[in-house]
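Assemble chain B onto chain A, guided by the hints.
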Amino acid sequence: MKGIVFAEFLEMMEARFGPAATDHVLETSSLQNGGAYTSVGTYDHQELVRMVRQLSAHTGIEAGSLVKAFGEYLVERFAAIYPRFFEGMETSFQFLPMVESHIHVEVKKLYPDAGLPQLTCTREGADRMVLEYRSQRPFADLAEGMIAGTGKHFGERLQIDREELSEEGAYATRFVLTKLG
Amino acid sequence: MTIEQLQRRLDREKSARVQAEQLLEAKSTELYQLNSELLAAKERLEATLEMEAAHKAAVVSARLKSQFLANMSHELRTPMNGVLGMLSLLQDTELGAEQRDFTETAKRSAEGLLRILNDVLDFSRIEAGKLAITNEEFRLRDEIWQTVEMFAELAEEKGLDLLCDIDGTVPDVLVGDAGRLRQVLVNLLGNGLKFTDRGEVELRITAGGAGDDWRIRFEVHDSGIGIPESSQVKLFQPFVQADGSTTRLFGGTGLGLSIARQLVELMGGEMGMESREGEGSRFWFTLPLEARGAAVASGILAGKRVLLVDRIGRSRAIWRRRLEEWGASVVAATIGEARRALADRAEFEVAVVDCSRPGEGGFELASEWRKSGKTQGMNLVLLGTPHQRGEHGDSAWLAKPVRDARLLSALGDGDVQKHRRAGSVFGDGAGNTQRKRVLVVDDNRVNLKVASEMVRRLGFEVATADNGLEAVEAVMGGEFALVLMDCQMPLMDGFAATAAIRALDGAVREIPIVAVTANAMNGDRERCLAAGMDEYMSKPYEPQRMREILDRYASITSPGHQRP
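Residue numbers (our numbering), protein chains in the order written: chain A, 425 to 605; chain B, 75 to 638.
Okay, chain A solo, but in the shape it has when bound (with noise of 0.2 Å):
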């Protein structure tokens, strides 16, 4: 998993829970680097696993609740780093199909090896879009997160509906995402 996550995760880590719950969660989550992390770097994506579930224990939030908050102030974090990929999209809707189209293409490009989840997106209506995700790692909290902060980044309130899909060989999880109001 791509260092960013990381130093993200951490950046979030200390605002929201301070300095010394993230030294604790860094010191108790057996980390290959101590915890060291750096945005061009890759890395184990069990340590963020491991993270999220000693800050869960430190903070008594469920880890699930934990992931989806990352995910949504992760969405801004991009927003604010890469802006370029949010020029001229006014809606989720729009955005979401892009993020499979060209935001992962870039990423290749600079990437070759980097593991990114599969986003299928398909329009059903006006208000509807039903986006499956699959992954070889378990991060559809995640990807819920980051569905959610997505809307708020365009200023929409998303009804966001979850349900799994056993798959052979991949997490795969299907949101359907209606638009309210």
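It should be emphasised that the hints constitute simulated quantities derived from the structure, not laboratory data.
Wrong hints could be hidden among the right ones.
[Stated by the list, open to error] Below, a list of computed lysine-lysine pairs in the BS3-like style, where the Cα atoms sit at most 25 Å apart: (1) B:K268 - B:K181; (2) B:K101 - A:K426; (3) A:K533 - B:K116; (4) B:K101 - A:K533; (5) B:K116 - B:K130; (6) B:K232 - B:K268; (7) B:K139 - B:K308; (8) B:K523 - B:K181; (9) B:K204 - B:K139; (10) A:K426 - A:K533; (11) B:K523 - B:K510; (12) A:K426 - B:K88; (13) B:K130 - B:K204; (14) A:K532 - B:K101; (15) B:K101 - B:K116.
Only chain B this time, still in chain A's reference frame:
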């Protein structure tokens, strides 16, 4: 935060920086390598571009050289034509034996040089893609025999038998490029005779097809030195001969076969060869040709009994088949067999006897028959070499190789004397009592002299003009039977002069005009005809061709010129 926590945070930041630096270092190295590869690729690309430019320059240079070669050959041909024309005229004057020998040698050398020039010219035209093939009706047998007869003397000198077998099924009137066909055959027959020291060289022509579309196959067999297998593959490449030493021994440019093959391919055919060292070679080519009309008439000799005496087995076989195609019943025999056959009883209307090898008994047999009266009432036809002219009593005499039409005619009416080869193409012109005037137009003084002299010797009066303007004036002022018109001239060229003459008032505008050009370029003929000329003759002036032209357009016996 405690000091320890801050310390750990600092350590983590340091560690992250080190990681980032290492990554940066690795990425930099990778970038450096990629950049080096890009630079190398760029240099290769530039080298390729340079090579491409060099290649283009080389192609242009090669084309210019071809062009230069073509121009050179053309320029060289004009004086060569003068030399050849003058030598032809010289040969027809009173000459001592030594002088005759010298002029003969000079003429052969000049002809050899002209052949080389023509080869080079053709080759450069083919290279430049400027050689086009014409499509005109021609009589195959006439073309073939004319070509084969060209080699009769050479074959005789070398003691070789020159045979020609045109299958009866081969259509006679075909549409194609007769000139180029002849050129290919001349090359193959010339090679065959050149590389054969004993035995025979045979041209075999067969046909496959039906209706209008025929594929005619030409094969030249020889019993010569053959070609080693290792040399066969490169035989058709330009400038290559089977063996480097061949050039010294046999001469030649090494262009002939390459040109021949390219010509055949341009005509839509194929060419190939088989050969075994020491046993001889077989060169063949096929041409797709359109036929006009059926094959030669058959059954013309129906009921005639013919005794065919020839010492060469192959020759007997060929003539037997031909005679049988014409409906005759044939007994083919060696000289010994013939003596016995005729001793029994004379049951033949015709006997054809090969006398071409003195001392082999043919001539003796014929004399014997004549003396003993065995040939009384029998039509006796003797076959000899071009040099065995002379008296043969009441027998008809034909020079080998014998055109089938000539033999047919000899067998049919027994009067072959008229088919004899004339001693001189020119004759003395005395028979032409009502002398006609021919206007010869050429800006080159040597050419003018050659042509005028040839025409004069054929019994015509000659007037000359050295440009188109003078030609038109002369035609307006005098009565001419024919104009021989050069094409490229100053002041007014031959095309413009012809147009001017055709635009005149009265009968004078109907005068036959024959174009004469050294260019021999394809399309020239069409251009000449389009300009209103009646016929086309290429330089160098060939006495035979000149005679044909004058016979057709200006002789007192010709029916007179009729324009369509």
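Violations among the numbered hints, reported as their numbers in ascending order = none
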